[in-house]
Amino acid sequence: MKLDAKIPEGPLAQKWSKHKFNLKLVNPANKRKYTVIVVGTGLAGASAAASLAELGYNVKAFCFQDSPRRAHSIAAQGGINAAKNYQNDGDSVHRLFYDTIKGGDYRAREGNVYRLAEVSVNIIDQCVAQGVPFAREYGGLLDNRSFGGSQVSRTFYARGQTGQQLLLGAYSALNRQINLGKVKMYTRHEMMDVVTIDGEAKGIVTRDLISGAIESHAAHAVLLCTGGYGNVFYLSTNAMGCNVTAAWKAHKRGAYFANPCFTQIHPTCIPVTGDHQSKLTLMSESLRNDGRVWAPKTVELAQKLRKGELKVTDLKEEDRDYFLERKYPAFGNLVPRDVASRNAKEMVDEGRGVGASGIAVYLDFAEAIGRLGEDTVRAKYGNLFDMYQQITDENPYKQPMRIYPAVHYTMGGLWVDYNLQTTVKGLYCLGEANFSDHGANRLGASALMQGLADGYFVIPYTLGDYLANIGPKAVDTSHPAFEQTKQSVLERINKLLALKGDRTVNDYHRELGHIMWEYCGMARTEEGLTKAKGLIRELRADFWKNARVSGTNEEFNQNLENAGRVADFLELGELMVDDALDRKESCGGHFRLESQTDEGEALRDDDNYAYAAAWEYKGDNQPEELHKEELVFENVKLSQRSYK
Amino acid sequence: MSENMNLTLKVWRQKNADTKGSFATYKADHVSPDMSFLEMLDVVNEDLIKKGDDPIHFDHDCREGICGACSLHINGRPHGPKHAITTCQLHMRSFKNNETIVIEPWRAEAFPVIRDLAVDRQAFDRIQAAGGFVSVNTGGVPDANNIPIPKVIADEAFNSATCIGCGACVAACKNASAMLFVSAKVSQLALLPQGQPERYRRAQAMVAQMDAEGFGSCTNTGACEAECPKEISITNIARMNRDYFTAKLFKEEEV
Ligand SMILES: Cc1cc2nc3c(=O)[nH]c(=O)nc-3n(C[C@H](O)[C@H](O)[C@H](O)COP(=O)(O)OP(=O)(O)OC[C@H]3O[C@@H](n4cnc5c(N)ncnc54)[C@H](O)[C@@H]3O)c2cc1C
Ligand code: SF4
Ligand code: FES
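From first to last, the protein sequence lines stand for chains H and L.
For reference, each letter of the first sequence is one residue, going 9 to 652 in my numbering.
For reference, each letter of the second sequence is one residue, going 1416 to 1670 in my numbering.
Heads up, a few of these hints could be off.
[To be verified] Dumping the calculated DSBU-like pairs for lysine-lysine here, alpha-carbon to alpha-carbon at most 35 Å:
(1) Lys1430/L / Lys508/H
(2) Lys1430/L / Lys192/H
(3) Lys1566/L / Lys406/H
(4) Lys1430/L / Lys494/H
Since the hints were made in silico from the structure, they are not lab data.
Here the structure is a predicted model, which means the values were calculated and not measured.
Working from the sequences, and respecting the hints, build out all of it.
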């Protein structure tokens, strides 16, 4: 199938408004004759479900948590971008567009990104109208900050809990529609598969996580808003339940998966303490505004520190290597996420890592405390310091923090066109689960923006066009495709439950994570990736022989839930490796050691790789087919990033 | 770094809502003080699974104190012995070698046990759906800076808005009252200009739903505030009561 991104013709700034005019409208009297399924009620899903219900459609919404309010969006700390230019500091829709395209290392679509920047301003208005308590100045107007090295202050925030407050806003809009009977909410339900009839999505099959009941739901269209797949790495800053299952099942039903290897690794996370570790905690990157990153100058010193023969506070100034300041004098500690992360890894690989495990570098506030005083530092970063101390039992006012990068976000996801439709008609994908707007690297505070843009301001328009075309004919689950899909879901569950080997599902997940982190993490090579592919295949085969899954289907069974998710990760992992192998250039978060500048920086290859890689599933254990969507840049000039 | 610990766990096991539960005893050996409480349970569960036993079920997701999913009653206290944190933020260094730890689910009629330590908190969602919103549709709203809000008011509303819906307040209360949870939302919106048009209707609707769900009444013991991981203040309850009675006296016809 040929990929058609359906980007409207015309000048960049007019594409979206022209497109909106050209989209068909559903007759208001007919809207109530349509049913739309929304899977996932994080920022993207809750905003979509509420907005569609307000328009008059009947919505069935699903999430696996016990409440929509607990979606992983709740954990976002830093903020949300919008081109409001409230600070009069030179921001504009065009600048946000440009920053996002450039930040994504020129691997996103101009048309989509421009629309994102355009609707960003409406998001803030919407959230404030709902009562979202953004930070304010004394004059009563909204406060902004600069985030992630951005030159303008366009980030709106709500203390360190922006995601929580935005999600509670979307949740309240969703609740209002639940109360009005326009949304039927299914919590503790997991989508197990998409039902397609003649190549079009017509419903889903779910498992009720309490009773185990496998149920079918029919609809005129299905929206997947199921979040990112960072947990393929086992350890990440994602919530424990984040998974790829919904997107992966859709992929197997014909939805292409785009740029799966584009993952973002965040530099300032609290390091791993041992094998028991179940997840990693992110600390806001604002810490790098005042903290200085360093490692001991020599391997010997690092060893002494690890063994406790030397105290970090006793290490002489000349024995410290402030490696970011040394290598990047212009940007210093404020280099982008991927650069900071990769350099920390280099230190550890050289044997200069610190902490008991040797897998960490220091983030030091001594200089800032000397310059600003402890009180000022506390006012700025107090809650982060407290969080650090609570987890590590070390006092960061008295000794440097230990940090290490961790997987944080996945730019890849289901391929969608300008309308957010996947390659399966009637199946749409929103939020982190799609691949659309961040290219090879996402800017800080732009994921929340994208999720809400998709849900509040894009899908209500684009979905209508599809619905108007297919017409309001009633749908039900009588077509045999529903029963067949249900049977295949049950078969897979039974296969999992039949596994009575001696290794736990978690153990497989941990090993998969090691493989992905080692070979498909911060630095990738042809050799490593090829090795990883073999290792993943072996691990997957071993899983289906020797794993152990407890209990039955007809009960609340968290082990079974996890087994299904890990089984899907074991398939996704291989595709990520294939994608990383195909892309022989370095770009954004994807660093191929074979493709660097003389200075050791990422080297893009625009002549050969200026495309989105969309993968088509071809059957179990079959190589997937690569489809390339060439990216056209008419409004920006491609340039190499440099932070020297 | 301190030594690893050996612990005894007394854990509430209950197959489902329809069966009776009881305590079971497990050994947790070589527990690192750096583990979180939930990681300690993960390790216990790995052993149970390998032995062919059912793992202990409990709700959790973010594991960083923000989603409100985790909900354990530890040694008689919701979210354990430390102040102002959730169970997932609790580390094993807060316990001593050879200690016995008693782990139970939230106990409240309105929160039936689903399995072991996981309970059904949908009553909270239904209360929010009864009125915890501002009735605005997507689009057609004024520019955000057309609604200036004094910083002190915004900050106060924010404090109320930090509730994570965990249910510890209910579990802590001898009456299993949900007043702290409900009043946090009512207050957030009552403080803000956006919430004014529906202020009294909201208070009434949410309180009515709370009563319908079978939560107990508030007798001002303050146990909720003491155990709330987000330090939601009981002044919210006073604020809600004021609105509720104002509504009852003068605005009855509105509801
Ligand atoms: C620690 C952390 C901090 C962050 N901070 C920021 C920040 O400051 N600014 C920013 O812009 N971004 C930030 N991000 C990124 C951002 O939070 C996420 O990308 C975004 O919230 C994702 O929203 P979503 O709606 O796409 O998915 P989610 O919020 O992850 O929601 C997914 C939904 O899908 C449901 N679901 C998944 N699978 C299934 C299934 N099979 N069946 C049924 N339901 C399913 C879940 O129940 C859930 O409701 C941060 C991320 C992390 C990890
Ligand atoms: S008020 Fe506190 S204890 Fe009660 S649900 Fe909210 S956060 Fe939890
Ligand atoms: S698991 Fe999210 S608050 Fe504890």
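Each hint, compared with the structure:
no.: 1; hint: Lys1430/L / Lys508/H; result: holds, 21 Å
no.: 2; hint: Lys1430/L / Lys192/H; result: holds, 28 Å
no.: 3; hint: Lys1566/L / Lys406/H; result: holds, 33 Å
no.: 4; hint: Lys1430/L / Lys494/H; result: holds, 26 Å
Hint compliance for this structure: every hint is met.
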